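Protein chains: 2
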Amino acid sequence: MSRRGQPNLATPGRRQVILEAALACFDETGVAATTIEQIRDRAACSIGSLYHHFGGKEGVASALFIDGISDLNAGLLQRLDDCSNAEQGVRTCVLHYADWVTRQPELARFLVHAREINFAPEARAELKAIYQRHFGAVFTWFGRFVLRGDMKQLPPETYIPIISGPIEDYARLWLSGRTRTPLAEVAEVFAEAAWNAVRAS
Amino acid sequence: MSRRGQPNLATPGRRQVILEAALACFDETGVAATTIEQIRDRAACSIGSLYHHFGGKEGVASALFIDGISDLNAGLLQRLDDCSNAEQGVRTCVLHYADWVTRQPELARFLVHAREINFAPEARAELKAIYQRHFGAVFTWFGRFVLRGDMKQLPPETYIPIISGPIEDYARLWLSGRTRTPLAEVAEVFAEAAWNAVRAS
DNA sequence: GCATATTATAGAATATAATTCTAATCTAAA
DNA sequence: TTTAGATTAGAATTATATTCTATAATATGC
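Line by line, the protein sequences are chains A and B. Residues in the first sequence are numbered from 1 upward in steps of one, following this note's numbering. Residues in the second sequence are numbered from 1 upward in steps of one, following this note's numbering.
There could be a bad hint or two in this list.
Any copy, or any two copies together, can satisfy a pair, since identical chains are not distinguished.
[To be verified] Within a straight-line C-alpha distance of at most 20 Å, the following computed SDA-like cross-link-like pairs (lysine to any residue) qualify:
1) K128 x L76
2) K128 x G59
3) K128 x S176
4) K128 x N73
5) K152 x R199
6) K128 x T179
7) K152 x E192
8) K128 x R180
9) K128 x T181
Source of the hints: derived by calculation from the structure; they are not laboratory data. Quick caveat: nothing in here was measured; it's all calculated off a predicted structure.
Start from the sequences, fold in the hints, and give me the full structure.
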């Protein structure tokens, strides 16, 4: 028993428990409006524990964000492995995003709506490294098809917005409840549009 | 002189002064991290005044958001008036967004990054009405060209993401400093891609 | 196994920020 | 003028975030 009469509830999974509690709170109330206290309640942990692992709400949000993005990115690279031509690759970018959002809407909602996280310098650096590695890999994958003339030659920084922008925009719409049509029902339309936008004409 | 030795600085433009101060704070520090105190300092007003006009930070953000969206929307409808065919219309949607963001990057940054505002019910209702009116007008404008066969027939809720998603995605990139290439330099690419994605094939 | 270092938990104490509230002042209309 | 409503002021209060010290659990070296 601790000094103040409560047992110490240390568990190896405490970090994960806090992350899940936080995600549920963020999803119900929004990141800005959820309090440390709410997360603490739902995770059934102490304030000290929460600060020990994450250093505050900002830190919880950062960790959640980095985990989410990493999972999303890793999934895409895995699926690109099975593609053998430019059209398949482009369609996979769109369809994977739609699948992923459909499978974990709470996490997706968090990623999409939480653009206002004030990442700590280390988190910022980690995120930057993640992006660089990911986009590097994606560009490597697609590069040969541009060189080979299967895809239009465009300013490099425009490919991702052109291919992924529309499905991401629609996902935001769906996640916020402003449209009912599930992603699965329109994903093909976006895949088709993306391919039309970048295929060599 | 007031009870506590300070003159009352009432001005008719106080509301606007607060909005501008808030935007500057939001842009420098992020919405989540700016405090009422910071806004109060920059606007040189009292806490009472701020709460009187907006009811808190949330209210300031809501007003700013509604003003910004309204201006963006109004501008588009105005420019669509001068268009006489589908291609011009589609390109105008893209180019107007690029122009608008370039002209007021701070406000654009706020609109784009502040997806986490907890609008009060009235603000939410107002925003919904604004969106309905705007998208209603835009769909009316484009409808005839779809009927006439100049544009692809697609699920209605996919047109806007397909046309505007990419330029919005790129604008986010540019506004957050992750790309240097100005919108004006790539806007044509996006206009072209948008038209290719929706033109009748 | 036992001592010791490291990591994790707890929650009271403190610091910071949001919000409310009452009084004073301004403005415009009668 | 007078007066009602709108606006401003800032102290007081309330809510929330953060720090800090004491314990307890766990891992590590011997």
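Hint by hint, here is what the structure shows:
In this assembly of identical chains, K128 and L76 lie within 20 Å of each other by CA distance solely inside one copy; the values are 18 Å within and 35 Å between copies. Taking identical chains as interchangeable, the C-alpha atoms of K128 and G59 lie at most 20 Å apart only when both belong to the same chain, with a minimum of 16 Å there against 33 Å between chains. Taking CA atoms no more than 20 Å apart as the test, K128 paired with S176 passes between copies only; the shortest distance there is 13 Å, against 27 Å inside one copy. In the homo-oligomer, the alpha carbons of K128 and N73 lie at most 20 Å apart inside one protomer (13 Å), although the nearest pairing across protomers, at 33 Å, exceeds that limit.
In the homo-oligomer, the alpha carbons of K152 and R199 lie at most 20 Å apart both inside one protomer (6 Å) and across protomers (18 Å), since each shortest distance falls under that limit. For the identical chains of this complex, K128 and T179 are inter-copy neighbours only, at 13 Å across copies versus 32 Å inside a copy, given an alpha-carbon limit of 20 Å. In this homomeric assembly, K152 and E192 come within 20 Å of each other (Cα to Cα) both inside a single copy, at 15 Å, and across copies, at 12 Å. When the C-alpha separation of K128 and R180 is checked against a cutoff of 20 Å, the pair qualifies only between copies, where the shortest distance is 16 Å, while the shortest distance within a copy is 34 Å.
Taking the shortest Cα distances, K128 and T181 sit within 20 Å of each other only across copies (19 Å), while inside one copy they are farther apart (34 Å).
Checked against the numbered hints above, the structure breaks none of them.
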